[in-house]
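Trainee: Chains as they are written, first to last, in our numbering: chain W, 93 to 349; chain L, 15 to 407.
Some hints could be false.
To be verified - Here are the simulated EDC-like cross-link-like pairs (lysine to aspartate or glutamate), alpha carbons at most 20 Å apart as the crow flies: (1) W/Lys245 - L/Glu305; (2) W/Lys99 - W/Asp164; (3) W/Lys245 - L/Asp354; (4) W/Lys245 - W/Glu187; (5) L/Lys278 - L/Asp260; (6) W/Lys216 - W/Asp164.
Hints in this document: simulated from the structure, not taken from any laboratory.
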Amino acid sequence: MSTLQIKDLHVSVLTDEAPKQILHGVDLTVRPGETQAMMGPNGSGKSTLAYSIAGHPRYEVTSGEVLLDGEDVLSMPVDQRARAGLFLAMQYPVEVPGVSMSNFLRSAATAVRGEAPKLRTWVKEVKQAMSELDIDPSFADRSVNEGFSGGEKKRHEILQLSLLAPKIAVLDETDSGLDIDALRVVSRGVNRFQEQHTDAGVLLITHYTRILRHITPDVVHVFAGGRIVESGGAELAHELEEHGYDRFTPKQEVAAS
Amino acid sequence: MTAASTPTAPDGLVTRSHGGNVPTASRGLRFTSYDVDAFEVPGGREEDWRFTPLRRLRNLHKGAASTGTATVSVDAPREVSVATVGRDDPRLGDGGVPADRVAAQAWSSFTAATVVTVPTEQRVADPITVTVTGPGVDKVAYGHLQLRIEAFAEAVVVIDHRGSGAYAENVEFVLADGARLTVVGVQDWADDAVHVAAQHASLGRDAVLRATAVSLGGSLVRQAPTVTFSQPGADAELLGLCFADDGQHLEHRLLIDHAVPHCKSNVVYKAALQGEAAHTVWIGDVLIQAEAEGTETFELNRNLLLTDGARADSVPNLEIETGEIAGAGHASATGRFDDDQLFYLTSRGIPEDQARRLVVRGFFGEILQRITVPEVRERLTAAIEAELEAVGA
Ligand SMILES: Nc1ncnc2c1ncn2[C@@H]1O[C@H](COP(=O)(O)OP(=O)(O)OP(=O)(O)O)[C@@H](O)[C@H]1O
Ligand SMILES: [Mg+2]
Numbered sequence: 093m094s095t096l097q098i099k100d101l102h103v104s105v106l107t108d109e110a111p112k113q114i115l116h117g118v119d120l121t122v123r124p125g126e127t128q129a130m131m132g133p134n135g136s137g138k139s140t141l142a143y144s145i146a147g148h149p150r151y152e153v154t155s156g157e158v159l160l161d162g163e164d165v166l167s168m169p170v171d172q173r174a175r176a177g178l179f180l181a182m183q184y185p186v187e188v189p190g191v192s193m194s195n196f197l198r199s200a201a202t203a204v205r206g207e208a209p210k211l212r213t214w215v216k217e218v219k220q221a222m223s224e225l226d227i228d229p230s231f232a233d234r235s236v237n238e239g240f241s242g243g244e245k246k247r248h249e250i251l252q253l254s255l256l257a258p259k260i261a262v263l264d265e266t267d268s269g270l271d272i273d274a275l276r277v278v279s280r281g282v283n284r285f286q287e288q289h290t291d292a293g294v295l296l297i298t299h300y301t302r303i304l305r306h307i308t309p310d311v312v313h314v315f316a317g318g319r320i321v322e323s324g325g326a327e328l329a330h331e332l333e334e335h336g337y338d339r340f341t342p343k344q345e346v347a348a349s
Numbered sequence: 015m016t017a018a019s020t021p022t023a024p025d026g027l028v029t030r031s032h033g034g035n036v037p038t039a040s041r042g043l044r045f046t047s048y049d050v051d052a053f054e055v056p057g058g059r060e061e062d063w064r065f066t067p068l069r070r071l072r073n074l075h076k077g078a079a080s081t082g083t084a085t086v087s088v089d090a091p092r093e094v095s096v097a098t099v100g101r102d103d104p105r106l107g108d109g110g111v112p113a114d115r116v117a118a119q120a121w122s123s124f125t126a127a128t129v130v131t132v133p134t135e136q137r138v139a140d141p142i143t144v145t146v147t148g149p150g151v152d153k154v155a156y157g158h159l160q161l162r163i164e165a166f167a168e169a170v171v172v173i174d175h176r177g178s179g180a181y182a183e184n185v186e187f188v189l190a191d192g193a194r195l196t197v198v199g200v201q202d203w204a205d206d207a208v209h210v211a212a213q214h215a216s217l218g219r220d221a222v223l224r225a226t227a228v229s230l231g232g233s234l235v236r237q238a239p240t241v242t243f244s245q246p247g248a249d250a251e252l253l254g255l256c257f258a259d260d261g262q263h264l265e266h267r268l269l270i271d272h273a274v275p276h277c278k279s280n281v282v283y284k285a286a287l288q289g290e291a292a293h294t295v296w297i298g299d300v301l302i303q304a305e306a307e308g309t310e311t312f313e314l315n316r317n318l319l320l321t322d323g324a325r326a327d328s329v330p331n332l333e334i335e336t337g338e339i340a341g342a343g344h345a346s347a348t349g350r351f352d353d354d355q356l357f358y359l360t361s362r363g364i365p366e367d368q369a370r371r372l373v374v375r376g377f378f379g380e381i382l383q384r385i386t387v388p389e390v391r392e393r394l395t396a397a398i399e400a401e402l403e404a405v406g407a
């Protein structure tokens, strides 16, 4: 069982001046095995929601709740959230010079699994996961994300998803910056994750509908002005594809004022 | 001979035949002398001293008398000769001449020098260890060490500094033609220690110097390495790895003097600073004289501020007097600990203290990778780990 519940979440981003409120009451429940798509225009607050769930220090939750299987996520430090089963594939993965990908992956797997994976099986596991995502083995020796192309970074986010096997995965624009082949490879990775972990939930944040041709969502939300303004089935995505976000943007101004 | 062609004979430290202000011929711009009185007592405004907290220098710059002895012990294989010599040994000074008052004070004040010689064409496989132990709390000592690598000889030397007290010294690296020296100096002093060292490296034709300065301990440590190329074809790499904690002042002042053609130099110094009033200083002077055609040089200094209140001063300075060089450049950057890196690592479940350690280790990784002697690299990795433990990073 893995359920993510977000209740009336209000979040501000810390700026050099006063904190700026971005999320104005988000309510959302991702149930076991579900894939939910979260779509919205630029600047509507999608990444803010993702970062808030993961616990980025620049975002301040001013009210509301985030629960993972009933447990209060917001009181946990960032690393504990990950160990509790949350994973965020970032829109802009961070470069960490001097830390090799292999060292990083092993440290993360050790932390999340509670013990160091056996070296023999681990090496195989990583090799296998990398080849499934068409990642050249030489990346293991490179510094985390350093000098990776946009697409390479995204593949490595999904590599981590597959190795860390979270209960809930938030994928923030994992599709952006991918060419058609890479999009297919990455989507396959996400689908494989869900086939192997049928209880896991996925919140797929995206701006475009094209990834939804590869990954079928159970629910589609439209996000604008820091809140969910409409929810529906896959047909909502089709409507967005045809008409864009125009119908929803006036609300953004209302919400932001 | 190399720098022995300086106008003053080394025994001039006794006779002082040259009087006051005779600049040496080989050091383009810098005044050098064995005579302590040839240098003014620094007041703190001088370019050479402006970053150094003189009040904490235990009067080394004001003629502090020697009140103790630092012990120097050498662990070397049989083929290496180790000698304790008097002030009149004619070899002293081959590496270079003091260029500041404390170095000249050390030169005038030491009673015995240690000379380690690796004979011609001898290749010493195991590292030679020189252990320097300070004179003890509240004591002052002066010393002198010379490493002589004769023609086509090769050696790895680790110089360990530990203990307490104030210690000023000159260290000479004299590399004959084709000699190769890998030297790692580790500053592992107790918290009270004050150490001021002038290191003089003189490189013969095609000689290769790989020098690494590892600065971890001590209250105030100031090291000034000078590299002089006497013949073409030589290659010097100076690496530095520095970890400054609460209240520590760790200073490195480098001068690389390209006076002859076709030599190479490469400098990479990195410092991590943590704690209130942790202070590092890096001065990187590279001089390419008019005769030094085909010079290739690069210097890099990077500083990582782990906490507020720490300060890193960084002054690269490249002077080029010829257009005919192969390449020259410098880069310097000081940055704060990156919260986004920490967030990224912890968001994958890695505990915060471990994540910090990964980032700092990664920061130093570039330098550790270049240390090819496994024992030395392990030793340094362990020292960095201990440092990270101690500061609770
Ligand atoms: N440090 C900051 N200072 C001021 N405003 C900020 C800061 N960080 C984010 N914002 C604002 O918060 C709003 C929401 O940003 P967010 O990144 O969550 O949007 P998004 O929906 O993910 O957009 P995109 O589709 O472009 O990724 C934007 O208007 C952005 O400009
Ligand atoms: Mg975004």
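Trainee: Could you grab the alpha-carbon distance between W/Lys245 and L/Glu305 and see if it respects the 20 Å cut-off?
Mentor: Violated, at roughly 49 Å.
Trainee: Is the Cα-Cα distance between W/Lys216 and W/Asp164 20 Å or less?
Mentor: Answer violated: W/Lys216 to W/Asp164 is near 36 Å, above 20 Å.
Trainee: So if I understand the rule, the pair passes when the alpha-carbon distance is 20 Å or less; does W/Lys99 with W/Asp164 pass?
Mentor: Since the Cα atoms of W/Lys99 and W/Asp164 sit roughly 11 Å apart, the hinted pair holds (cutoff 20 Å).
Trainee: Are the Cα positions of W/Lys245 and L/Asp354 separated by 20 Å at most?
Mentor: Cα-Cα ~15 Å, so holds.
Trainee: Is L/Lys278 within 20 Å of L/Asp260, Cα to Cα?
Mentor: violated (36 Å)
Trainee: Take the C-alpha atoms of W/Lys245 and W/Glu187, compute the straight-line distance between them, and say whether it is at most 20 Å.
Mentor: holds (9 Å)
Checked against the numbered hints above, the structure breaks hints 1, 5 and 6 and satisfies the rest.
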